[in-house]
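Residue numbers (the working numbering), protein chains in the order written: chain Y, 22 to 348; chain H, 112 to 375.
These aren't lab readings, by the way, just hints derived from the structure by calculation.
Note that beta-carbon positions come from the ideal geometry of N, C-alpha and C, so glycine has one too.
If you want a taste of the chain H side facing chain Y, the calculated C-beta under 8 Å gives, among others: (1) Thr124; (2) Glu125; (3) Val130; (4) Ala210; (5) Asp235; (6) Leu236; (7) Ala241; (8) Gln251; (9) Cys276; (10) Ala282; (11) Val337; (12) Gly349; (13) Ile352; (14) Leu367; (15) Val374.
Here are the simulated lysine-lysine pairs, DSS-like style, with alpha carbons at most 30 Å apart: (16) Y:Lys308 to H:Lys373; (17) H:Lys373 to Y:Lys315; (18) H:Lys257 to Y:Lys240; (19) Y:Lys282 to H:Lys135; (20) H:Lys218 to Y:Lys203; (21) H:Lys373 to Y:Lys223; (22) Y:Lys282 to H:Lys129; (23) H:Lys176 to H:Lys134; (24) H:Lys373 to Y:Lys346; (25) H:Lys176 to H:Lys307; (26) Y:Lys282 to H:Lys143; (27) Y:Lys166 to H:Lys129; (28) H:Lys336 to Y:Lys282; (29) Y:Lys166 to H:Lys143; (30) H:Lys129 to Y:Lys308; (31) H:Lys311 to H:Lys218; (32) H:Lys161 to H:Lys218; (33) H:Lys192 to H:Lys161; (34) H:Lys257 to Y:Lys282; (35) H:Lys373 to Y:Lys282.
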Amino acid sequence: MAQGVWTIAEQRDGEFRKITFEVVSEGRRLADALGVELTAIVLGAGMKDKAAVLAQYGADRVIVADDPRLETYTTDAYTSVLSQILSAAEQGVVLMGASVQGKDLAGRLSARLEAGMAQDCTAFSIEDGEFVAVRPIYAGKAYVKLGFPAGGFRIATARPNVMSIAELDAGRSCEVVDAEFKLDDAELKTRVVEVLADESGKIDLTEADKIVSGGRGMKGPENYAILEELAALIGAAVGASRSAVDAGWRPHADQVGQTGKVVSPNLYIACGISGAIQHLAGMGTSKYIVAINKDPDAPIFQRADYGVVADLFDVVPALTEEVKKIL
Amino acid sequence: MNIIVCLKQVPDTESRIKVAADKKSIVTDDLKWVMNPYDEFGVEEALRLKEKFGGEVTVVGVGPKRVTEAIRTALAMGADKGILVNDEAIAGSDSLAVARILASVIKNLDFDLIFTGQRGVDDDLGVVGAAVAEFLGIPQVSLAVKVEVVEDAKSVRVHRPVEGCTLVLEAELPALITAQKGLNEPRYASLPGIMKAKKKPLEEKNLADLGLDAETAGEGARKLKVLELTPPPERAPGRIIEGESAREKAAELARLLHEEAKVI
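Whenever a hint applies, use it, and build me the whole structure from the sequences.
Written out as structure tokens, the structure reads:
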């Protein structure tokens, strides 16, 4: 499989997002296994000076597409520019993050390039010289290992927080080249007209390192204050089960589960969540799971690394106090 | 305003998923099939826009005969007509093949907007919407939680949550929008709605009707090959934290998270 590995960087407001480093680091491991070059592609406006840092995470070459129309992601502009850059090759592994942007882009790009695409992968490997991807399906109720028999480009997105970031090699550098592309305004049929900020300082669930989540056992929206307090203390995001969201206690964006966000934090604290199968599906890849529930038979305890059988209204405030002593 | 909604039928989200003996598929015997939950938001939004602007809502599904149930559900909610593409050659198709079939149906229809769910809750790929838009050469906006058709009905404004903020995008019509939870509360089909749905047109087509070769669909056309399906990795059994009181248990939990798991 003589070909390269290409990683698509993701930036917002001119700064690389953490997922970019995860993807470049993983790209390096794959490029080494295949014995090929790793190219990082950066799309944005005024990103060229910052792009060199990707060499320190393992890129052999960085290609920068610089245009004011690439400053903020749109499907039209990014798909057009990337397909032009990739057309220099006939095949290769193309990796990006399974962020909101990456998932959107990977879908459209796979259709444009007629390429196979594996979304939200949790592991990649090279088997018999071929690229193989593993990804959860049915929101994690099963896992599928996929090969790419059609050849051409093999596109995959990596679930955030899963691929480890390589240690920075400050001595490493590489060439940073300008991409050649044409972008016709007539192609651009979508534009961002406004950006509405969420509540200030709120961490997005899919990117959160820790999540404190509440379910039906919270009894009402006013009681989430105790979760917010614990979350603020340990730097966690606050999530919710479907029943809490359907009851109108928490916004839709906070829902964890098969019809909500699929999350993979280092620590997931489930409070008053019984553990419906569709919820377990959405948080099953968390590294450490804590369950706090007064029902000892709640299915959530089957998945928990640490279970506390007690009333969450006693345990959570006490836990907050105990953590304060430690920190 | 004429609107198309693409429908998929999926196992109910409360279903247990069992890997079949061939390790390439799942056991489908006991599954309850429902309309993909994200597609329901698309149907509801299409109906609301129709109520405001007039026009027709057409639902299109691809798959075996049972998919008719999902189409009938949409018709009972208020959609005007349904189209099912059913052909033996379709079994085992991947998302790009399904998208090509959907695009082949839709290109012959008169439409201003297309809705799909943001992803099917089975494969969780989220490719079909983007690929239908690509094959039709129209813009897409994914993960919509709010849709406003601009007054001249030439463009649409869509709210799209991304990590940490919500983008407001404007897209020229015709466009494809993928529906996210939060867009609306889908209505239930009423009894009169269910009765009326039985008389609404539901057309069935095969690949030849669409001018597509059997080779463009099915297992043989897959860009991705399933090598193996496995149940989720087992988690090591956890422990229940003992203690006389909630406070004691909380203290022990804090200690374990700090010293053993090292996450706090």
